[in-house]
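*Asks:* Here is what each chain is made of, one letter per residue.
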Amino acid sequence: MWQQLFWSVIKFLLILAFLSFNALFLVWLERKVAGFIQYRLGPTRTGKPHGYLQTIADAIKLLSKEDIIPTQADRKVFILAPLVMIIPTLLLHIVIPFGPQLIVKDLQNGVLFFFAISGFTTLAIVMAGWAANNKYSLIGAIRAISQLISYELPLIISVVAVVILAGSMSTETIVTSQASWPYLFLQPLGFLVFMIAALAELNRVPFDLLEAESELVAGYNTEYSGMRWAFFFLAEYGNIAVMSAMAVTLFLGGWQGPFLPPLVWFLIKTYLVAFVALWIRWTFPRVRPDQLSVLGWKYLLPASLVNLAFTSIYVVLV
Amino acid sequence: MISRIGKVLLALAQGMGLTFKKLLGPKYTMQYPEERWHVAPTFRGMPVLLPNPETGTAKCTACGICARNCPVDAIAIESETGEDRKKKLTGYSVDMARCIVCGLCAESCPFNGLTMANEYELAGYTREQLVYTLPELLAIGSQYTFNNQKDVPQSVFTAYFAEGGFCYLQPTADEKFVPRVPLLPGSSRVTKEVSQR
Numbered sequence: 001m002w003q004q005l006f007w008s009v010i011k012f013l014l015i016l017a018f019l020s021f022n023a024l025f026l027v028w029l030e031r032k033v034a035g036f037i038q039y040r041l042g043p044t045r046t047g048k049p050h051g052y053l054q055t056i057a058d059a060i061k062l063l064s065k066e067d068i069i070p071t072q073a074d075r076k077v078f079i080l081a082p083l084v085m086i087i088p089t090l091l092l093h094i095v096i097p098f099g100p101q102l103i104v105k106d107l108q109n110g111v112l113f114f115f116a117i118s119g120f121t122t123l124a125i126v127m128a129g130w131a132a133n134n135k136y137s138l139i140g141a142i143r144a145i146s147q148l149i150s151y152e153l154p155l156i157i158s159v160v161a162v163v164i165l166a167g168s169m170s171t172e173t174i175v176t177s178q179a180s181w182p183y184l185f186l187q188p189l190g191f192l193v194f195m196i197a198a199l200a201e202l203n204r205v206p207f208d209l210l211e212a213e214s215e216l217v218a219g220y221n222t223e224y225s226g227m228r229w230a231f232f233f234l235a236e237y238g239n240i241a242v243m244s245a246m247a248v249t250l251f252l253g254g255w256q257g258p259f260l261p262p263l264v265w266f267l268i269k270t271y272l273v274a275f276v277a278l279w280i281r282w283t284f285p286r287v288r289p290d291q292l293s294v295l296g297w298k299y300l301l302p303a304s305l306v307n308l309a310f311t312s313i314y315v316v317l318v
Numbered sequence: 319m320i321s322r323i324g325k326v327l328l329a330l331a332q333g334m335g336l337t338f339k340k341l342l343g344p345k346y347t348m349q350y351p352e353e354r355w356h357v358a359p360t361f362r363g364m365p366v367l368l369p370n371p372e373t374g375t376a377k378c379t380a381c382g383i384c385a386r387n388c389p390v391d392a393i394a395i396e397s398e399t400g401e402d403r404k405k406k407l408t409g410y411s412v413d414m415a416r417c418i419v420c421g422l423c424a425e426s427c428p429f430n431g432l433t434m435a436n437e438y439e440l441a442g443y444t445r446e447q448l449v450y451t452l453p454e455l456l457a458i459g460s461q462y463t464f465n466n467q468k469d470v471p472q473s474v475f476t477a478y479f480a481e482g483g484f485c486y487l488q489p490t491a492d493e494k495f496v497p498r499v500p501l502l503p504g505s506s507r508v509t510k511e512v513s514q515r
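From first to last, the protein sequence lines stand for chains A and B. Taking the working numbering as reference, the numbering of the first sequence is continuous, increasing by one, and the terminal residue is 318. Taking the working numbering as reference, the numbering of the second sequence is continuous, increasing by one, and the terminal residue is 515.
Fair warning: there could be bad hints in the mix.
Here are the simulated DSS-like pairs of lysine-lysine, each with C-alpha atoms no more than 25 Å apart in a straight line [claimed, not checked]:
#, chain 1, residue 1, chain 2, residue 2
1, A, K105, A, K11
2, A, K11, A, K32
3, A, K32, A, K61
4, B, K325, A, K298
5, B, K339, A, K32
6, A, K48, B, K345
7, B, K345, A, K32
8, B, K377, B, K406
9, A, K32, B, K404
10, A, K32, A, K48
11, A, K65, A, K76
12, A, K48, B, K340
Listed below are several chain A residues computed to face chain B (Cβ distance under 8 Å; list not exhaustive) [as the list claims (entries may be wrong)]:
#, residue
13, F25
14, L29
15, V33
16, F36
17, I37
18, Y39
19, R40
20, W279
21, T283
22, F284
Note that these hints are calculated values from the structure, not bench results. Even for Gly, the Cβ is constructed at its ideal location relative to N, Cα and C.
Chain B with its partners taken away, still in its complex shape:
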């Protein structure tokens, strides 16, 4: 009887000790929007157009495969046939009110003219605001160099894990984001700076 009461009291004390240890331990809350996810290289945000590094114009040839593959009909392409009888891209729009960020457009693009950007703050005040046009898509796309849904080089993944892997990015004084808490087991705490995406 007495020993049982002692055991119960000991167990209660152990429980209190555990919660006190956690009280002083690290906290895992991400302070969004100051802190953000360190997103993976293959992360699917909104689809954007990749520019041709030589000319700066879109790599897109207006073939229309992405628009046909889009399950929600979010992509609209305008093109005209030039004097050399080649199709020329004149307009490209993605309706983010419809887009389900499945990535099938980028995956099916035979010219790697599309990529899924890291943009995930896709809210707007009007429906019109959510329709992204060719210059807007190209402006966001100019931050990226490859189609992240197809043939991603191994070095990209290596660099991602070297930067801390799946973790939070913490802002520093010069507005760069630094990895904070490593969330995957095995990935170590890294303080190397990562440029803001």
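With the rest of the complex left out, here is chain A:
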């Protein structure tokens, strides 16, 4: 019993370390990619020559800032929202297979667990938007809900096709069943739909309607500052990494690859997918709310349904 507890604590700390590293590394990478795409250099001073320590300095600054809670805010919900945001992010890491046997818990319904938990992020956003008692926060929260309805269906249906091919919802089984071919080649349409819907799930540009800074100041986290705001950011970038890891698991063959050890392959693929998310952010402008709904309902949903139908026929016939 004590041994089990010990290993649980070790696993928790490893996940926490992975999450913190991702937040620090991806924020740094985001600023670098943004700079490079805009002919700039990005951070260069803190931690010369490439500003490696910039995000650590930022984190220290955020943690030492004054804790401000608006007087008109709903105090309890306002304090709770960042925690509700971070806990799903931690839970999502449970079913990610970093390598053979290198998984916190290989659940039989791992994929279902993952997408059920990732929906909770929207709850945290609605809590934050409602509790802040600010019109911009509330509009951001309302947009989060309308966005959720549009992207969640195509996202899950595109994943169902993969589950049908693998014949299992366990993430480890899905990876091992891609030993000969990654599902990217069998499911190109599914992968495309998954990537677009995942960007919407992550609230990234071009689907960052809920924090659209040109219209809503900062959306749901307008009233947040210091440590609580840092929690939202930790969760946002942690979600990017964990969603990239899921895309790798479902479509890109997980840890499998020649020559290099499995964990290295997994991390390389994950950060490549995360890089694509950053790359898209600094390439495309934001869509309007109605355009997002049109994209979700009129294009992504039919595409994922067609994909699912053809996959089912393929599995039945072959």
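Fit chain B to the known structure of chain A by using the hints.
*Replies:* Same frame as chain A, now just chain B:
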């Protein structure tokens, strides 16, 4: 319908390709203060006094035209009449807290005793620190040979563009500055060394 979706996807891919090309392309950030502007010969920094090449003292005759032309009253001149009944310069100060670097002093000087230096880092911790006196102005001015607000010879401009024109100067190991990115269309990348100003 299908062809329209194809067109949209192609356009998106083209956009991604463009940003990826820029990602790998040259960067234009100037790493100030390690890198600096390669300033033009007629650049207006702080006004300084030019020395007489023979005696080393200021060319200024204390006529006071610069002080009268100064729109913000930043220049103060002290002089005394010598035994030969000629005015002699004893003090000259420029208050850089007031100076708006308009260049009217240098432009109006009939003896070319003033020039606008390339100094543009003109901040200080106290107001007193910003008042430059005669020896200080002469020390900076001794790096210059002509009044850059009046009758600038064509050869100066030719030399400036030969050194890279409007660009950044990059430091080398021996603390000289080298032009890096040419910013004016038509001026080519030059690696010839330019002495630090």
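*Asks:* Any of the earlier hints contradicted here, and which numbers?
*Replies:* 2, 9, 13, 14
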